[in-house]
Amino acid sequence: MSISPLPGDASHDPTPNSGQDQTGRFVRQPNGRVRPLSPHLQVWRWHVTMLASILNRITGGALSVGALFVAAWLAALAFGPDAYATYTAWMGSPLGLLVWFGLTVALCIHLAGGVRHLIWDAGEGLTPKTADVLSWLSIVGGVALAVLVWVLLFTSGRVVL
Amino acid sequence: MSRLTKSYVKGVKVSERHGAGEWVQERLSSLILVPLTLWGLWSGWMMSGAGYDGALEWFRSPVNATLLAVTLLVSLWHMNMGLKVIVDDYIHKPASRTALLTVIGLLCVVIAAAGVFFIVRLALGSAPLPAGFGA
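Protein sequence lines, in the order shown, are assigned to chains V and H.
For the first sequence, my numbering assigns the number 1 to the initial residue and increments by one for each residue that follows.
For the second sequence, my numbering assigns the number 1 to the initial residue and increments by one for each residue that follows.
Don't read these hints as lab results, they were simulated from the structure.
Each hint should be verified, as a subset may be incorrect.
What the hints assert, rightly or not - If the Cβ cut is set under 10 Å, some of the chain H residues that face chain V in the computed set are:
1) G21
2) E22
3) W23
4) W45
Predicted model, so just to flag it, every value in this text is computed and none were measured.
The C-beta atom is built at its ideal place from N, Cα and C for all residues, glycine as well.
All chains, please: the whole structure from these sequences, using the hints.
See below:
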């Protein structure tokens, strides 16, 4: 193109048949302006920082559901021995234990991910290499901590299947 | 306060409305939750398999009850901000977004109020509910 179009100027539409752009790199907005699309997900080379970011969001969502389980635990306890027995029977079932294991994994990943973000927010570890290392550390470390907790829970006999 | 006086601090551009406050709140709640989460894992460990009496015994300690209440409230604060970011990212229709955020906010307030109510009762050794609800 000989002249660069003004931002959002539809008269300098980069696509000859606007709205029929086959490259997918431009989009006609509802107000008629043509704007470039930001590069989409599949354009980027995969990086572990992506996985770490996605995991932090997913585990955060899962932990929101976990908050309801904790609230239910408090309620069961406050409503007395019968309610508490019902609660522990549900949560101590194989499915219940699986859910709590999942919540522990989510908690540990989110915790490690949070520490990672705090390090980054302090302005440290932001080169591509250290960012990758911190991402791997938070994921592997989080899962390892959760597995350790549950191995100890079973071996100590505090939780039985 | 005018926007112009607020938008620069020491020559550095800062947010003109509430963005910086949200950023700080997210980090502050994370920072508080790091030790509390580790303590929560430890507490979960202590109460696993301890049964009803073991849990009640745990609540007799004012330190435990206080820390649990703080953990619950800060977690809900953090959770509310996190869910807001997710909703803002994926829900584009303003009416739906507002409705969803309102529901989430109300849910957080209800859990916070109910949770603190239960914790206080358990810490005081009150009779099981619903008998003597107000006692």
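Checklist entry - Which hint numbers doesn't this structure obey? => result 1, 2
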